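Novice: Heads up: the sequence shown runs through residues 1 to 213, numbered per my numbering.
There could be a bad hint or two in this list.
[To be verified] Derived DSS-like pairs (lysine-lysine); straight-line CA-CA distance at most 27 Å: (1) K109 to K68; (2) K189 to K164; (3) K109 to K126.
[Claimed, not checked] Ranges of calculated distance between the beta carbons of each label pair, as one might list FRET restraints: (4) A158 to H195: 30 to 38 Å; (5) F116 to P208: 18 to 26 Å; (6) N48 to D28: 18 to 26 Å; (7) W113 to D178: 17 to 25 Å; (8) V177 to Q23: 29 to 37 Å.
No lab work stands behind these hints, which were simulated from the structure alone.
Just so it is clear, the structure is predicted and the values come from calculations on it, not from any experiment.
The beta-carbon is built from N, C-alpha and C at its ideal position, and this holds for glycine as well.
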Amino acid sequence: MVRVGVVASSGYIGGELLRLLLQHPQVDLTVATSRSYAGEYVFRVHPNLRGVTNLTFTEFNQGTLTEKADLVFTALPHGESVKYIPQLAKTGLKIVDMSADFRLKDPSKYKSWYGFDHPSPDLLRKFVYAIPEINREEVRGATLVSSPGCMAITSILALAPLLKQSSFPIDTEHIVVDAKIGSSGAGGKPSLSTHFSERYNVVRPYKPAGHRH
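Assemble the whole structure, with the sequences as input and the hints as a guide.
Specialist: Right under this line is the structure:
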């Protein structure tokens, strides 16, 4: 059994991670952290897990994760994971980061795409951008893993077979991907654009000239 902890597990991504991990026969879910719901039962926030687990949320504590987990998923917002992972990585824990903070190898790209200087540029090249359908063996042997974003992974998985099997050269600089995503992709934090009256029956473009994940 692999002992697994999930950091920031009260949001949509964290909740779905918990659901999947609790179904896995080789996973022992030992830690679920939440700053807002520490002390609460997980199923109070994720009702679909009622009757599945009696685990309670705890505050983030590196010592607890090191003691109780072999593998840690971080489901923090973009720009937050980078505040925790450098220290976590020093413990030897295997880490899978769900944010964009370690997806790019070139630290200068973070300034242009995300508007900040990456504080751990040396750590970027140690992360494996995980697409098991394409680089399973590399992922299997990795200690630090970065998970692709939703639009990126759907685009890559759709295009990879075509690019691999094409009998003629394809200009990858001019491929257009038209993808749709549900409103849950905006996360659980409410905003004007996520209100039902704003979302219902509407298709809205999201950063058509600057989507980065």
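Novice: Please test the hint of 30 to 38 Å on the beta carbon pair from A158 and H195.
Specialist: holds (31 Å)
Novice: N48 and D28, beta-carbon distance inside 18 to 26 Å?
Specialist: The hinted range 18 to 26 Å holds for N48 and D28, with Cβ atoms some 20 Å apart.
Novice: Within 17 to 25 Å: is that where the Cβ-Cβ distance between W113 and D178 falls?
Specialist: With a Cβ separation near 21 Å, W113 and D178 satisfy 17 to 25 Å, so the hint holds.
Novice: Does the structure keep K109 and K68 at a Cα separation of 27 Å or less?
Specialist: violated (35 Å)
Novice: For F116 and P208, compare the CB-CB distance with the range 18 to 26 Å and indicate the outcome.
Specialist: Holds, at about 23 Å.
Novice: Are the Cα atoms of K109 and K126 separated by 27 Å or less?
Specialist: holds (16 Å)
Novice: Check the hint pairing K189 with K164 against an upper bound of 27 Å on the C-alpha distance.
Specialist: Violated, because 39 Å separates the two Cα atoms, which is more than 27 Å.
Novice: At the C-beta level, are V177 and Q23 separated by a distance inside 29 to 37 Å?
Specialist: holds (31 Å)
Hint compliance for this structure: hints 1, 2 are not met, and every other hint is.
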